[in-house]
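Add chains B and C to chain A, keeping to what the hints say.
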Amino acid sequence: MCGIVGYIGRRKAAGIVIEGLKRLEYRGYDSFGVVTTNDSLHISKKSGRISDGGSGAAGLPGTAGIGHTRWATHGIPNDQNAHPHLDCTGKIAVVHNGIIENYAELRRDLTARGHTFSSDTDTEVIAHLVEEQYAGDLAAAVRAILPLLQGSYALLVIAEGDDRIIAARMASPLVIGVGDREFFCASDVTPLIDHTRRVIYLEDGDCAVLSCSEYTINHDGMAVDRPVEEVDWDIQDARKGGFSHFMQKEIFEQPQVFYNTIHAVRESPDALAHLVGSRMSIMIVACGSSYHAALLCKYLIEVYCGIPVRVEIGSEFKYYTPPLNVPVIGITQSGETADTLAALKMAQAWGCPTIAITNVVGSSVTRIADATIYTRAGPEISVAATKSFIAQLAAALQIAGSLSDDPGLEEELDRVNVMIEDTLTVPIDDAVALCTQAHSIFFIGRGFYYPVALEGALKMKEISYIHAEGYAAGELKHGPFALLSPDTPVVALAMPGKTYPVMISNIKEIKARGAPVIGIGVAGDMELPEIADIFIPLSPSHEVAGIAMVSVILQRLAYHVADALGCDIDKPRNLAKSVTVE
Amino acid sequence: MEPVTECILLAAGEGKRMRPLTTSRPKVMIPLANRPMLEHLILAAHKAGIRRFILVVGYGEQAVREYFGDGSAFGVAIDYVVQRHQLGTADALRSAEGLVSGNFLMMNGDMILGSEEIRALCEMPVPALGVSEADHPEEYGVVLLDGGRVVNLEEKSKNPKSRMINAGAYLFPPEIFERIERIGLSRRGEYELTDALMEYINDGKLSALTLHTWMDVGYPWDILAAHELLLPDLKSDIAGTVEEGVVIKGAVVIGDGTTIRSGSYIEGPCIIGKDCVIGPHAYIRPKTAIGNSCHIGHAVEIKNSVILHGTKIPHFNYIGDSVIGSGCNFGAGTKIANLRHDSGIVRVGGIMTGRKKFGAVIGDDVLFGINCSVNTGSSIGSGCRIAPHSCVEGVYDDETIVSR
Amino acid sequence: MQAVILAGGEGWRLRPLTKTRPKALIPVGNRPLIDYCIEALLKAGIRDIIVVAGYRREQVIRHLNTLDHEVRVVVQEKQLGSAHALASAAPLIHETTLVLSGDNYVDAASIEEMGTEGNAIMISGSLSPSHYGVVRVQDGIVTDFFEKPDEKGPCLVSSGLYLFTPEVIGSIREADLSDLLIRMIEDGIPLRAVRGGEWYDAIHAWDLLGQNRRLLQMNGAQRSGTISRFATINGRVSIGSGSTIGPGCCITGPVRIGEGTTIGPNVVIGPDVSIGNRVSIEPFTVLENSIIMDDVRIGSHSRVVDSVIGEGCSTNDHLSTITTSGLFSLGENNAKMLHQGTFGAIIGEGVLLESSVVLKGCILGNNCRVQSGRRLEGVIPDGSQVI
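Residue numbers (my numbering), protein chains in the order written: chain A, 225 to 806; chain B, 13 to 416; chain C, 1092 to 1478.
Do not take every clue at face value.
[Stated by the list, open to error] Across the chosen pairs, the derived CB separations fall in these ranges:
| hint | chain 1 | residue 1 | chain 2 | residue 2 | range |
| --- | --- | --- | --- | --- | --- |
| 1 | A | Trp574 | C | Pro1356 | 48 to 54 Å |
| 2 | A | Asp449 | B | Thr225 | 41 to 47 Å |
| 3 | A | Glu767 | C | Gly1339 | 34 to 40 Å |
| 4 | B | Lys368 | C | Pro1281 | 29 to 35 Å |
| 5 | A | Glu767 | C | Trp1103 | 58 to 64 Å |
[Stated by the list, open to error] Once the Cα atoms are required to be at most 25 Å apart in a straight line, the calculated PhoX-like pairs of lysine-lysine come out as:
| hint | chain 1 | residue 1 | chain 2 | residue 2 |
| --- | --- | --- | --- | --- |
| 6 | C | Lys1427 | B | Lys170 |
| 7 | B | Lys347 | B | Lys315 |
| 8 | A | Lys246 | A | Lys522 |
| 9 | B | Lys28 | C | Lys1134 |
| 10 | C | Lys1134 | B | Lys173 |
| 11 | B | Lys369 | B | Lys28 |
| 12 | C | Lys1110 | B | Lys168 |
No wet-lab data here; the hints were simulated from the structure.
Even glycine gets a Cβ: it sits at the ideal position worked out from N, Cα and C.
Chain A on its own, in the form it takes in the complex (with noise of 0.2 Å):
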């Protein structure tokens, strides 16, 4: 859950790879370092964000280089536990996105072979282990200790007097780009589209030998040939423009996103076929938001289609796996969630058939799943996810909508980006005036607005830092009435339907114990803002609408209470976008 970047070629490394890793910064930013060789080693690293300390390494010497931005998993973020990491001797140098398992084990028989450390990270341990191998042949030597490690790499090797770069993933992604007499390797193609559209998606247990005129992939000792894709992004995405965040930019390009989704999934009937064929149950994985996406997925096709759904997360599944026996769905912005990859690894081993939803064409998810279906989000640049929400909610919706009996529901489906639109500029300063004075926060929503309560916690504890917590309504009084009080906001979610009664009295009781409340609800409601301190009032929709609504409202009040307490929206301390580790 770091990136990593590799440059061999004609031009300058250092620029290239630092300008690479400030487009990775999306995947770690704790610190960063780059290494160049000529006819030495060149090392420039330190703890801190690449894009505010990067200039000072873009002198580095060289045609061949490589680098990487951290989030920390072993050792704290520190200079010492930047990487790139080196071996005793100070002429092989490592760099690695993953986690070592058996790190521990090797470092002790590493010390005990006379091995000096200068890190406290899993990492070092590749640069000591290379450093007892190399004997001229750096390939070789990456080779030769590759079966040595347990877990999950992507690493890229350099050593002093030899004028390549060793690759090798294992459960990490990596890609390499081909150029013209020049060669790139990245944790994923966005720092690669400046240069070159041509790309190979390496394999777990894939090494390749990168030089200025050529590259060789092996695979369990075996020269093997991977196909050269075409990859087909627009960088301009991925400019802020203006906005003051990316988070900003991203909630407003919802509208379109959410059109975007329900047409493609419309257009991947292959997909939707696996979950036709059985009609019995299916069962979805994934983290984080996207859990929460497929928790509305569970609601809406248990309500609308009448199939019963399980929905399990990624990683309580690889420990605690449930019987497998029905279709599984896998949810994954990045394509790259290890537990989630796990997991459906783990169907397939059953013999379920696997359906990914993810946004990122090419990404591991596609490669493992039967069939896929992608949402239409663009890339996402900001941690906190939104519109990637958006987007699965969407593909949930048209799922719903495909499997229904009910055709309204599609042609609902077609007016929700209008109704997104909408809700973009409904007023909400007093309620993040109220959120932004708050120690705590409680969401609360039933039925459908349980999962967008648990995903507007979610959004307000990532980005705000304010402790919140989502909850089924009518779980509240099970215990949490304990921590009410008049500095403990509850956002309800009370949108019409059948369970808006219901929430109207667990409002009145939240108010009688003395919580203020910020009802959302519909324009025209007579009794929510009666009761409630603050009335946030939607335009009247069909309920597939008001989910997407909702959603989006509590990301605007997330973002808006973050920036009035000045946090770093884009990137939340502590926190990467895709999270490649277990």
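Chains B and C in isolation, oriented as in the chain A frame:
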């Protein structure tokens, strides 16, 4: 002095003005007399002594790479560099840094230039600029000359001070790369060569060579003009089968595997590719180029037109003064008009073609039903589907459907 | 040469159409007004473009991000006036700068006419100067300037296009440009008066129709989507990708139709109609001289003439508009004023109309709902339920 053997060719642009012919190929891959525009230029430069080419590619680069490969099939060495964003000529040149060793040529890939004049440019004192006299200098950057020296450059303007224009062919010393490092963004938001050239001009060092065989191919109708220029030099070469009762007049090239069926009447200059079937009773009129694997069938008349490979025009069709993409199919009786009733200059999408006779520009993979009429000055996008008996005129985007 | 486009103002006299966007983003000829400004600047060779956004700035920024040419955006936090807006761009200004209003149309020729040196103002003749700044000129230099006078009769007015040196922009302390101009005249800073070419401004919502009519003349005519061969299409008509024109439709240009829109069968459109994206026009409906924004549905057997219909409206069958001239009361509370206009209907966003509604010179606010069979005139406020 060392002879000039290296040449940078700018081939990264899509050529939006050439749409819809650029849907599936970059502009430089549009064929003239059945070979890509760029191939004509490479062959001419090769003849003038250039041995090594650096192609700056971008839009549709795969097509260029696949066709030219490493250049060995053309007796030259070819390297590629990518210019991802169209940020101007200086930026394109910069992307080729480190790949040339001595004085070198740089040319736009979308023009026609004879080998003698390329050689002459190579032999000019360095640096040098190719210039050409234009009928419409207001569409180009204008060059002010004093004898053989350039004394000023002018951006495109409505009232140009000279008829001499920058032809986009340069001879540069390697130190140009240092000069372009210093260039900033121009007011057009691009990295343009003008600043570097102005330095040379101010030192009185930029020589000019007037080119007479130069022509730039900007709009689809320029393709017809280019054929009118290139085809008269054609030498007859009939490799395919010509059945009895075919009349062939003038210089005609007929490719391998092509059959000309009985009753066909072919007036040169005219070029027909490989593996075509022409006729019976087809009438092919002068300055027509037909690509490989085309079918021109019974009672079809083709006049002064360019037809790319794999297109089928099989029964009772008339095609006049038109450019037709590859893989199209014309239903029986579908015809293209090429003359206005008022005999006025034909416009396409509001742009003057300068021609009284112009038919249509038709993209790739367009399917016409039977008896469609295409009015003069139409532009039909690639992948369009036109229902039988439709009358189409105006500009149609790619993938448009004219339904029943 | 740099350019600053002022796009921060709401343009309240265009309400209800400015609910979610500033005036500069209102689509005319199917493109936001600001697009024409940017296009004219690019045509005149000016690439360094700065847009000042204020009211509903996110919408402005989002739209600008979709354009091919990258422009810079400056945010004016509070809409204190046009000079204040310009001053907020001052840190980015280092050359002589053109200043345009994002909601006026000017052509590239006028921009070139302004020259590249010193300070200048574009002027044009007007018969009704009451909405504009009036200018007195001697030997090509402005000698006097006063805002929105009561006087009637022909005179020269400012057409909202200026050229300022960086020094002048750096010195701005005023809120309104008119005050800046007055100070410049007092301080003896020469301000050239330049006669402009084409220029239009829409003051009221109904003025958009005239602007639409003129701007439609300028757009290309490219057809895309699926078009029935039994549709009759004449004149300058452009149709966006993914749109469907059913059989029996008769479209007479100039007309512009957006993407993903479904029309017909048997719909009569034109002349002078702009239709947005994802719109649905049901059979036997007639549209003329109107602007139909994105995501609108118009039911069958409707007749919509001289009207503007905002985003996301849905109207059932048999909607009729009746064009009429009258005085309309615009503005809030004390600032209410009567304004003269001629049109059929101006409908805000998200309005729902049931069957057989008749609108005669009616301004219908955002999110109104009207039950079937109603006949409405005059100004109906936002959120009204007509039952």
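Supplied distance hint 48 to 54 Å, evaluated on CB atoms of A:Trp574 and C:Pro1356: Holds, since A:Trp574 and C:Pro1356 (Cβ atoms, about 53 Å apart) stay within the stated range.
Agreement of C:Lys1427 and B:Lys170 with the hint, judged by alpha carbon distance not exceeding 25 Å: violated (50 Å)
Pairwise hint evaluation, B:Lys173 against C:Lys1134, where the allowed Cα distance is 25 Å at most: Given pair C:Lys1134, B:Lys173 holds - Cα atoms ~21 Å apart, limit 25 Å.
25 Å Cα cutoff - pair B:Lys28, C:Lys1134: holds (17 Å)
Restraint check for B:Lys369 with B:Lys28, where alpha carbons must lie at most 25 Å apart: holds (23 Å)
Given hint B:Lys315 paired with B:Lys347 - CA-CA distance at most 25 Å: With Cα atoms ~12 Å apart, B:Lys347 and B:Lys315 stay inside 25 Å; holds.
Consistency of beta-carbon spacing, C:Pro1281 to B:Lys368, with hint 29 to 35 Å: Cβ of B:Lys368 to Cβ of C:Pro1281: about 52 Å, so the range 29 to 35 Å is violated.
Given pair status - B:Lys168, C:Lys1110, alpha carbons within 25 Å: violated (43 Å)
Distance restraint evaluation - A:Asp449, B:Thr225, Cβ atoms, bounds 41 to 47 Å: holds (46 Å)
Distance restraint between A:Lys246 and A:Lys522, which requires alpha-carbon spacing of 25 Å or less: violated (38 Å)
Cβ separation of A:Glu767 and C:Trp1103, checked against the hinted range 58 to 64 Å: violated (35 Å)
Consistency of beta-carbon spacing, C:Gly1339 to A:Glu767, with hint 34 to 40 Å: holds (37 Å)
When held up to the earlier numbered hints, the structure conflicts with 4, 5, 6, 8 and 12 and fits the remainder.
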